[in-house]
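Peer 1: For reference, the chains in residue letters:
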Amino acid sequence: MNPPRCTPWEHDHTRRQWLGGVGGALACGALGGLLTPVIGEELKKKEKQVLFVWLDGGLSQLESWDPKPGTDFGGPFRSIPTSVPGTHVCELMPRLAKQMHRLCVVRSMCTKDNSHSAGVARIQRGDPKNRGVIYPFFGSAIAKLMGPTASNLPPYVWVKPGSGGFKPEDGGFLGPKYGALAFGDGKPPENLLRPATLDVAADAARNELRSALNQRYAQRRRAPNTEASSFVFDTAEELIRRADIFDTSRYNPRDIERYGRHDLGQQMLIGRKMLEAGVRFVKVNSYGWDTHGDNFNAQASLVGKFDQAFSAVLEDLAATGQLEHTLVVAMSEFGRTPRINGSAGRDHWPEAWSIAMAGCGIKAGAVVGATNAKGTFVQGEGYDIGHMFHTWFRALGIDPAKVEYSNNGQPLPIAHEDMKAIPGTLA
Amino acid sequence: MRRGSSAVHTRVRSQLAILFLTAAAATDAAVQAALPLHQQIDALVAAKAGKVPLAGPADDAEFLRRATLDFAGEIPSADEVRAFLADKAADKRARLIDRLFAGSRYAGTMAGRFDVMLMERRGEDAQWRGWLEAAFRDNKPWDVMSREMLNPNFADPARNGAGHFITKRLESYGQNTVDYPGLTRDVGRMFMGVDLQCTQCHKHLTVKDYKQVDFQGLFVAFQNLKLQTPNDTFKVRWTSEGLVTKEMEFSSVLTEIKGATGPRVPFGQSVAIPTFEKGQEWLEAPARPKNTPGKPKFSPLAEITQRLVAPDNANFTRNIANRVWFLQMGRGLFEPLDLAHSENPPSHPELLDLLAGELQAHKFDLKWLLRELALTQTYQRSSVLMETAAKSPEELYVAAKERPIAAEALVRSVLIATGELERVGKLPKVERKKDAKDTPRPDTLSLEEMTAAFQAAFANAAREPELSVSPTLKGALFMRNSSVLRTLLQPREGNLADRLLKLKEPAQIADTVYLHILSRPPTAEERAEVVAWLARQKSAREETLANLAWALLASAEFFMNH
Chain R
1 MNPPRCTPWE
11 HDHTRRQWLG
21 GVGGALACGA
31 LGGLLTPVIG
41 EELKKKEKQV
51 LFVWLDGGLS
61 QLESWDPKPG
71 TDFGGPFRSI
81 PTSVPGTHVC
91 ELMPRLAKQM
101 HRLCVVRSMC
111 TKDNSHSAGV
121 ARIQRGDPKN
131 RGVIYPFFGS
141 AIAKLMGPTA
151 SNLPPYVWVK
161 PGSGGFKPED
171 GGFLGPKYGA
181 LAFGDGKPPE
191 NLLRPATLDV
201 AADAARNELR
211 SALNQRYAQR
221 RRAPNTEASS
231 FVFDTAEELI
241 RRADIFDTSR
251 YNPRDIERYG
261 RHDLGQQMLI
271 GRKMLEAGVR
281 FVKVNSYGWD
291 THGDNFNAQA
301 SLVGKFDQAF
311 SAVLEDLAAT
321 GQLEHTLVVA
331 MSEFGRTPRI
341 NGSAGRDHWP
351 EAWSIAMAGC
361 GIKAGAVVGA
371 TNAKGTFVQG
381 EGYDIGHMFH
391 TWFRALGIDP
401 AKVEYSNNGQ
411 PLPIAHEDMK
421 AIPGTLA
Chain D
1 MRRGSSAVHT
11 RVRSQLAILF
21 LTAAAATDAA
31 VQAALPLHQQ
41 IDALVAAKAG
51 KVPLAGPADD
61 AEFLRRATLD
71 FAGEIPSADE
81 VRAFLADKAA
91 DKRARLIDRL
101 FAGSRYAGTM
111 AGRFDVMLME
121 RRGEDAQWRG
131 WLEAAFRDNK
141 PWDVMSREML
151 NPNFADPARN
161 GAGHFITKRL
171 ESYGQNTVDY
181 PGLTRDVGRM
191 FMGVDLQCTQ
201 CHKHLTVKDY
211 KQVDFQGLFV
221 AFQNLKLQTP
231 NDTFKVRWTS
241 EGLVTKEMEF
251 SSVLTEIKGA
261 TGPRVPFGQS
271 VAIPTFEKGQ
281 EWLEAPARPK
291 NTPGKPKFSP
301 LAEITQRLVA
311 PDNANFTRNI
321 ANRVWFLQMG
331 RGLFEPLDLA
341 HSENPPSHPE
351 LLDLLAGELQ
361 AHKFDLKWLL
371 RELALTQTYQ
381 RSSVLMETAA
391 KSPEELYVAA
401 KERPIAAEAL
411 VRSVLIATGE
421 LERVGKLPKV
431 ERKKDAKDTP
441 RPDTLSLEEM
451 TAAFQAAFAN
461 AAREPELSVS
471 PTLKGALFMR
481 NSSVLRTLLQ
491 PREGNLADRL
501 LKLKEPAQIA
511 DTVYLHILSR
521 PPTAEERAEV
531 VAWLARQKSA
541 REETLANLAW
551 ALLASAEFFM
561 NH
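Heads up: the protein sequence lines correspond to chains R and D, in order. Just so you know, the working numbering puts 222 at position 222 of the first sequence, and the rest follows in order with no gaps. Just so you know, the working numbering puts 147 at position 147 of the second sequence, and the rest follows in order with no gaps.
Be aware that one or more of the hints could be misleading.
If you anchor each label on the Cβ, the simulated ranges turn out as follows [claimed, not checked]:
hint, chain 1, residue 1, chain 2, residue 2, range
1, R, 373, D, 205, 42 to 52 Å
2, D, 502, R, 200, 22 to 32 Å
3, D, 538, R, 47, 48 to 58 Å
4, R, 199, D, 493, 24 to 34 Å
5, D, 493, R, 197, 16 to 26 Å
6, D, 389, R, 406, 39 to 49 Å
7, D, 538, R, 287, 21 to 31 Å
8, R, 161, D, 429, 53 to 63 Å
9, D, 205, R, 424, 36 to 46 Å
10, R, 247, D, 251, 52 to 62 Å
11, R, 161, D, 278, 56 to 66 Å
12, R, 200, D, 521, 25 to 35 Å
Derived EDC-like pairs (lysine to aspartate or glutamate); straight-line CA-CA distance at most 20 Å [stated by the list, open to error]:
hint, chain 1, residue 1, chain 2, residue 2
13, D, 168, D, 133
14, D, 474, R, 244
15, D, 367, D, 138
16, D, 474, R, 234
17, R, 167, D, 256
18, D, 474, R, 238
19, D, 474, R, 169
20, R, 129, D, 256
21, R, 305, R, 315
22, D, 538, R, 203
Partial list, derived from the structure: chain R residues whose beta carbon lies under 10 Å from chain D [to be verified]:
hint, residue
23, 80
24, 154
25, 181
26, 198
27, 208
28, 209
29, 214
30, 220
31, 234
The hints are simulated quantities; they were obtained by calculation from the structure and are not laboratory data. Note that beta-carbon positions come from the ideal geometry of N, C-alpha and C, so glycine has one too.
Isolated chain R (complex conformation) (with noise of 0.2 Å):
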């Protein structure tokens, strides 16, 4: 039976009248729709940015921030040191074993999904209490919470192999406006880029006579539409303009190097490339680290090239400084289970698995949660995917006790009322 669900677009006329008083800040900047707009200026002024990591399909957490050498579920590999006195991570992460003192890793994350294709989804959307609607992933709650940044780009964008576009199921009942902009294999979405017919100057020379046709026109009529209108044009305007984004051939080579030639490591590029264009909350995917079969030689691939793609992306973030307003989370949907099965595989296992976290409002170095000795469960208390939403929210400067959503009328929190930001792991 299919799960039930109150769809979005019965609310669609009140998100018209939300954006009835709020101007050009339509699809992105605004902030109505929240009960409390309490996101200052000062926040806009820092603009603090996501770098969102997803793994699909589950990272071991001991083939990587939490390996337990020498036991039963152990595995093949060792446990070396890191820039962190006394913390250890798997041998498949030499050049994160260096980035340590950036990173926070909580290693009790305890989630209840144990299938992909509800925890994929469940986990992005912070897995709220049941309100009978869908809530919006992560970036899409940044988008609504945040808004674009000064660069005006798109708020939200998903850099993933496979097929690109707009994705507007990620909005929730916030609405397909709120939707991931994709960038399939790091490629722009269609039409980016300008004819190579058409003059830079007389694009603008015609966008200019839209624009005037358009004040005119809205000048003794309700203004959203027009608004609308001329906001998706400005947008199209500033992707168009930083196209370049996504020219690799003018990347550095040494930087298409240091992150590695691999789908990961080309597309966390991409990423960077976006955040420092300005984009609010970039997520790089990577697919297949569902290792129930060769778990060992899978994840011993795929966790080396996260390595190296992760690691070349925090010390780029933090040689510029940009880490200090960017918050960056590496995950997946939950991780694979101590036991090792009958095809050398591991398991989906969500009783016990591990975050990576770094950045703005993150505490350096902090490792938060352990699993006991075979690393079968949690030692001490677990904590839900609910407490991340909570700790990122909170890193970035968002009071969850504070903002709520308000979903026609009915308020919605933004993060599970039941939890609270992780203790340990805040700067």
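Mind docking chain D on chain R? Use the hints.
Peer 2: Same frame as chain R, now just chain D:
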């Protein structure tokens, strides 16, 4: 129902009497009989607006464009604009409406509008579309259409297209299983204006009228259907019904309170389920060897259909009255269109009662209702506000509301504006391999392919209603950079670009682009603006003129039905 038989009608009549009978000469009944529906509507809208000033009538050009978009699915050609503006007859608007309603594009246009409303972009289907077009061509009453959709006769080639409403929704898509709750929900939404989705598992949390049994009673009939592939008898995908021998039990996930129901129209009575002796349940017994699903004697679908499409189901009539009103005015008398309940009263209760009552009295004649609405001052008002937006609440209908133009009407409008419809319409349909690496040259695209390109850029995703003007980044990128649009602005014998190139005077150029694209002459100020803009351009003349046309095509004014 007899006209004026209800208390409601009495109320409406007395209001109208006050409005119209200042001289107090005629009797109540005489007024009622004398006034056509469109005048009664305007009286009620004016009464509700009170002191808020009403916008003046749309000028001829705006009215012509609006009505042509609504009933022919395209903008008027420049010649049609010129002719309409030159026509001095007092009744030219009524005559235009009659012409459009009798025109060759009426049935296809209305079919398209109802397709988007009923199917919400789930994909195209020739039989369904054919059935819809025939329904509007023959002016099939809405109650008949509804019965054909809800309890389809899959064996009748003239009517089996209607079954698409159900069969399409029984397809599994993506990772979803067959969405019986979704079908149940859509029956409520589309035919009764109630969205019962939340009541699948518990009573509605914010709508006190919606109970779990309201969902479950419909669900009994629709979850009992099974999608079947075409065969000799049924040339389209069809559905079989299973045996329903006892009431369906359900329990609330919130309270664990249990209930049970047979087939039941929301807010109605449960149908008693007959008992048959074992072996006697079937009209046609299922046959294993031939793998035929059989036909039960008791059809919950027939029971539901008969009771849902019925004079005593007020929600059925009010839903279609509200939806047709929405199609023409851009705003429902109650909104959302699928959230009718006692705590969500219509903005104009008497008006909705009037429309529903009259529609029923006219045997669900949609063409008659559409025509009456098109004749109202309310529909014919200008979209220019008299007061600030804040002082002109939308629900008062004091000015025309801007409405979206569907992708199919948009592509035709762009082709008419650029003078390219004839050329593109003649291009042969080309079978292209889906995996072909080389994209076809944009100037070889047939009308069908051109339409697909516009749908990709401007239509909503499947299952997402198209209710309001909502520009997207995707659409803006298409307008700005797509070679499909660009090719239409290249000069070819007789098209707009060609005409503009042959014009010497900048003022003539301004007049021509405005007339062809925005379907009206420019004001003096607008003409001067174009002339000044042209003077500033340094590109080649051909490029400049294409850019001028582009600016008008990309304007908010062109993209809305205002």
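Peer 1: Tell me, in ascending order, the numbers of any earlier hints that this structure violates.
Peer 2: 3, 6, 7, 8, 17 and 23
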